[in-house]
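Starting from the known structure of chain A, arrange chain B on it as the hints suggest.
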Amino acid sequence: MFKDNFNLAYKNIKERMSRSILTLLGIAIGIMAIISLMGIGEGMNVAVEGELSSLSDTIIVTVGEGFSIFSFGQLEDTGEYLTERDITDLERISGVKEVNTQLTGMASLSFNGDGNNVMVTVTGMDIESMNLQYGLADLAEGNLLELGDQSKILIGYDVAHDYFDNDISIGSRVKINGKKFFVNGIFSRQGMGGVSTNDDLVLLTSRDFEKATGESNIYSATVTVYNVNEVESTALEIERVINENHGEEDFASATSMSSILDSIQSIMGILQTVLIAIASIALIVASIGIMNTMLTSVMERTREIGIMKAIGATNKDIMSIFIIEGLLLSIIGGASGIILGIFGSSGVATLLSNMGPGGGPPLVPVITFLAIALGLSVSMIVGIISSLYPAWKAAKMSPIEAVRYE
Amino acid sequence: MSKEVIVTKNLSKTYGKGDLQVHALRKTNISIMQGDYIAIKGPSGSGKSTLMNLIGCLDKPTTGKLYIDNTDVYTLSENNLAKIRREKIGFIFQKYNLIPTLSALENVTLSMGFAGVDSKTRIRKAKKLLDMVELSHRISHKPSELSGGEQQRVAISRALGNDPTIVLGDEPTGNVDTKSGNKIMDILENINNQGETVIVVTHDPNIAKRARRILSIEDGVVREENV
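Protein chains in written order, with our numbering: chain A, 75 to 480; chain B, 13 to 239.
Hints in this document: simulated from the structure, not taken from any laboratory.
One thing to keep in mind: the hints can contain errors.
Under 7 Å between C-beta atoms, here's a sample of chain A residues computed to sit facing chain B [stated by the list, open to error]: (1) D78; (2) K85; (3) E89; (4) N119; (5) V120; (6) A121; (7) G124; (8) D163; (9) I201; (10) E202; (11) S203; (12) G386; (13) M471; (14) P473.
Computed from the model, here is a short list of chain B residues facing chain A with C-beta under 10 Å [said to hold, decoys possible]: (15) K95; (16) T113; (17) L114; (18) E118; (19) S123; (20) M144; (21) N238; (22) V239.
These numbers come from a predicted model, not from an experiment.
Glycine residues also receive a C-beta, built at the ideal position from the N, C-alpha and C atoms.
This is chain A alone, in the form it adopts within the complex (with noise of 0.2 Å):
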């Protein structure tokens, strides 16, 4: 009997089948939308996660408000630095496996001496604490400093490109406050697109960083600890130290990547709820597109109906044939929903990569199995939903009435 029921609403959307096409064309765009948010807002996760999980053992500790995902990137120098007694304080905490710190400060910076000296912000790091932190893979050219290492520096994108007339290359010679540096290594271009940028960066060894500055401030340390739950406790810890040793209540802040992790995905959250709840809207449009649809359609087959009761049909027979016509559209629309959806999404992400001011890195939506079957049953209760109250007015028309309609 279904096969039968399920016969007629097919010939029935094909009859007309311009009018099928357009009710389904709304639930397709309403499900494409809802695809393809999705699969933007999942790509986006996975792309924070795999940035920030495999530093899930890691504190990092700043003087002032420190590390928010609002203030990732470059770090402002304050001028208020931790001492060397409180990194010794916090290698003394239990759990602590390692602090590396990282020296910053202002120096002038020369390139083939044509006079024209820029002021830049360069960071001093341990070379493990470097190696840390950065890999092979960040480098656009050249190569990572190794222990032993002297005079050489790592610099960013933007400070090889566009700080100076002339483009600096590897092994190119620059001057820092008058001492000279060869240039190892030059960083990808990140723009505004990652999570914290290199662009600017001007790196070097803590030895050569004293060296070409004459100071030792420690601006910020990278805390590791040996059990990843106790990242937390860890981290209150390592403020009240130094809190104390400063006698200020909020001298310095120390923050696990995981809560920066835990942030960013809850404003993922939020602002993947709010983008779903508009997609929503979309097919909430959609339903009552189809239901108009089999409204006039119950309409025009009033005769029909008429018919069928009178050959012997029951009510049942007639809401079904109607249902089945409504979830056949809402099924058909939302499969091209689902495949629009996916191409859409990827057009979305290339569309957003290419906006951020430095390109950023190439965001890769993540279709989920999940996302595929929320738009099919979303699609399927629309269809059921919108295609009950047309079905019901179907099958309580009285036959005689219905068959007598011209």
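The following block gives chain B in isolation, referenced to the frame of chain A:
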């Protein structure tokens, strides 16, 4: 002696209210036997279609009762009423009333489908019925590709699909030419000869004459005519 298949008890139908009341059918008591061939005739507006629709379980009477095979039809639920329509009654309309989107064959199998007959049996039987009305060469044509007479023959095949107890024709020849009309009446007569109860509504005296019993209606009053 054959049994009564249709019995009406004071069956009446009134349309409208108060001064505008129209008595389409007044207290009607008729009894129709298995294998009867009956013509219901009368001028238009006399109430013959009303009687036909009541017997065909398409309409509900204002008062009175209708028994089909001893079942008090109008006390039944919607579902059981639908069951009576598809199992006991084969209805042939004046305007054929085929489903325009379905082929001749699909139109014939439709009512069998509602009765739950499996698709193989259905198709075999529908082909046989279409063969009987000499349409085996047009089974895959849509109604719009068939002439009026052909459509009506498809409608007859459809009416016979579930081996009904009663075949009802509401002016079955009303929309076709005389030649096609005669062919249709021949088919109905054939069906009757095979033991089927046939009731035909007509205003054509020549058609009425072919029946074994004639009921004539005027102003909602039914009267048996001597043949």
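Each hint, compared with the structure:
no.	hint	in the structure
1	D78	holds, 4 Å
2	K85	holds, 4 Å
3	E89	holds, 5 Å
4	N119	violated, 48 Å
5	V120	violated, 48 Å
6	A121	violated, 51 Å
7	G124	violated, 54 Å
8	D163	violated, 84 Å
9	I201	violated, 79 Å
10	E202	violated, 77 Å
11	S203	violated, 75 Å
12	G386	holds, 2 Å
13	M471	violated, 11 Å
14	P473	holds, 5 Å
15	K95	holds, 7 Å
16	T113	holds, 4 Å
17	L114	holds, 7 Å
18	E118	holds, 8 Å
19	S123	holds, 4 Å
20	M144	violated, 18 Å
21	N238	violated, 32 Å
22	V239	violated, 29 Å
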